[in-house]
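Number of protein chains: 2
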Amino acid sequence: MNTGKFSTIICLLAFFVINTIILSVTIADEQQSGVGYGRGGRMSGGASSAREDEPIKPISINFDYNRAKVELGKKLFFEPRLSKSGWITCNSCHNLATGGADNLPTSIGHKWFLGPINSPTVLNSKFNLAQFWDGRAKDLKEQAGGPIANPLEMGSNHELAVSILQSIPEYVQWFSEIYGLDEMYGDEIITIDQVTDAIAAFEETLVTPNSNFDNWLNGYDNSISEIEKEGYDLFKEKGCIVCHNGVGVGGNSYQKFGIAKPYDKDTHTLGRYNVTKDEKDKYVFKVPLLRNIELTAPYFHDASTWDLAEAVNIMNEYQLGLKLTDSETSKIVAFLRTLTGDQPSVIFPILPPSTSTTAKPNRN
Amino acid sequence: MNTGKFSTIICLLAFFVINTIILSVTIADEQQSGVGYGRGGRMSGGASSAREDEPIKPISINFDYNRAKVELGKKLFFEPRLSKSGWITCNSCHNLATGGADNLPTSIGHKWFLGPINSPTVLNSKFNLAQFWDGRAKDLKEQAGGPIANPLEMGSNHELAVSILQSIPEYVQWFSEIYGLDEMYGDEIITIDQVTDAIAAFEETLVTPNSNFDNWLNGYDNSISEIEKEGYDLFKEKGCIVCHNGVGVGGNSYQKFGIAKPYDKDTHTLGRYNVTKDEKDKYVFKVPLLRNIELTAPYFHDASTWDLAEAVNIMNEYQLGLKLTDSETSKIVAFLRTLTGDQPSVIFPILPPSTSTTAKPNRN
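Listed in order, the protein sequences are those of chains A and B.
Following the working numbering, the numbering of the first sequence begins with 1308 at its first residue and continues without gaps.
Following the working numbering, the numbering of the second sequence begins with 1308 at its first residue and continues without gaps.
There could be a bad hint or two in this list.
Identical chains share a label here; the pair holds if one copy fits it or two copies do between them.
[As the list claims (entries may be wrong)] Here are the simulated DSS-like pairs of lysine-lysine, each with C-alpha atoms no more than 30 Å apart in a straight line:
1) K1667 / K1572
2) K1667 / K1568
3) K1382 / K1433
4) K1563 / K1667
5) K1568 / K1448
6) K1667 / K1630
7) K1630 / K1568
Hints were generated in silico from the structure; no laboratory data involved.
This structure is a prediction, so every number in the text was calculated from the model and none was measured.
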């Protein structure tokens, strides 16, 4: 027994020694490269609490998801049979490979129809106060139903989309596992409400934490450079921060495009007015998120520029009535690039095959 | 020192005991569920070697890949900027979510042009003796260049596609890491040859091992049912096996569509004749792979049926001059469904952003 105890101690000791070696190697590496812990740099005492007052808040990581629902939502996000043609998916316009957007002036839809407005990114879209540029959908769930039935987008309708899922036994099983059986009929009846709920659940996971800027907010001093820090200071001083703040760095208010000077590049998109029919809501849009902004050109609802520096200058001119120096613009752009976070790591889903009762795709 | 040795022995003994417990739990689980090892069922003595003579060969798993090249190829496979519109990717028509095909009669391309022929699956395509239905590309690398420059497909051209990659520093770095610097200029010059080479390298990894049928071939008796086995016997007896054999269960010969009876459903697609201009190659096509066939409706180069049973009957009628009973057809279909293997597990790539010198997408 004594020998047993002794050998246990030896085992533990060996583990301790090995771990100490690993740790010291890691620290040595860090010191050598001057990087500090991970992307962030070493944390300095007190810095973290000081930055809790900053108007931009870091994205917190949440693991409290309904995994089965998120997995189903992911399948639906990549499901071409939700479109009339059997070819267009949510991901077609909100491509997770390219910042959650399609990087086109306006999206391509059914029969190559071109949409009327630039597609916003799906990344971090849960931080928006409402969805679409004009806020006509109150949340992601309500948004998800729109494109499926929009003749310029996926070109289908809710009845057809649901009937296709209903014809595929795997979907019937997954929906009933998550949403239960139909109360009235005791049957497995998929509803559009469930479809959009699952898509929204997946989309809510599409956040991009650990940006250099968030790491700085969290107290890792070296995760942004001096220039980037100066850019952030300018971003606050010039007034950009008034609209672009919070977790999403935007997305939490509606603002008129053209506060300081009427916006003359696009005068036919009426924005929030389409929802409220209130004259003062003409040219009012939801303030877009600035997270991952370097990945989602072209910019603005009308995609009027592909260049982030030009976008900053347009904002300053039309919203703040300011003209920035080249140095100021480039510093703000440098700051904006620190808002790019970890892109969602998604395993491409495998979808179940159609059956003899599945409606055929219609490319016309 | 003796104590040191002794404690080592104790440590090893503890590991052995723990592993034995884990193993016995696993075996108990298997016995309880009656599943045996994995999908395959328990192996019976001698069965494996007996099945080495079967005309269909299992897909062997290969880990001998150039990982960096495969990763680059994956990015390119999902890269919309290889198309003129900046919207269509290899995956648009060879969707890894749906059996490596688009499950459309013919593919949708640039400006919603509809292609002339059904898109074959990319899965297991390395087992084809050549690529395209008419075999006009000798391998996957040669194939990959086609759709990029086809005005009905991705609508771009090789110069434009390469110049776009060249304008993105991350791509320049990845290509030079894999292919080295340009010999003549000592510079990092991306070529279309490298682009198609990397795409082909990724596509070569897209195999689907571990189908129930392959497990049976490998000696796991219970991995196919009696009915499925009878279906396989019929598949051989009726003569399907003459063309559909080997690792791909097809893909290794050209055959006339209409050997026993002229194929009257499509008389304008000339097939191999377009390549050879030899009169006897009219209506001759590469025999398609039957692996994962249940996932890739509609069937045949002309997509003349969506129903696997009907496809089996058409083949028997036009190729073999046979009329199957319903029971025979359904047994063969049951066998064909055992050819569905593990679908490739792919982490959706994150693509680098365009720069100010990247050519803009052109949707027209």
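Hints that the structure is at odds with (numbers, increasing): Result: hint 5 breaks, nothing else.
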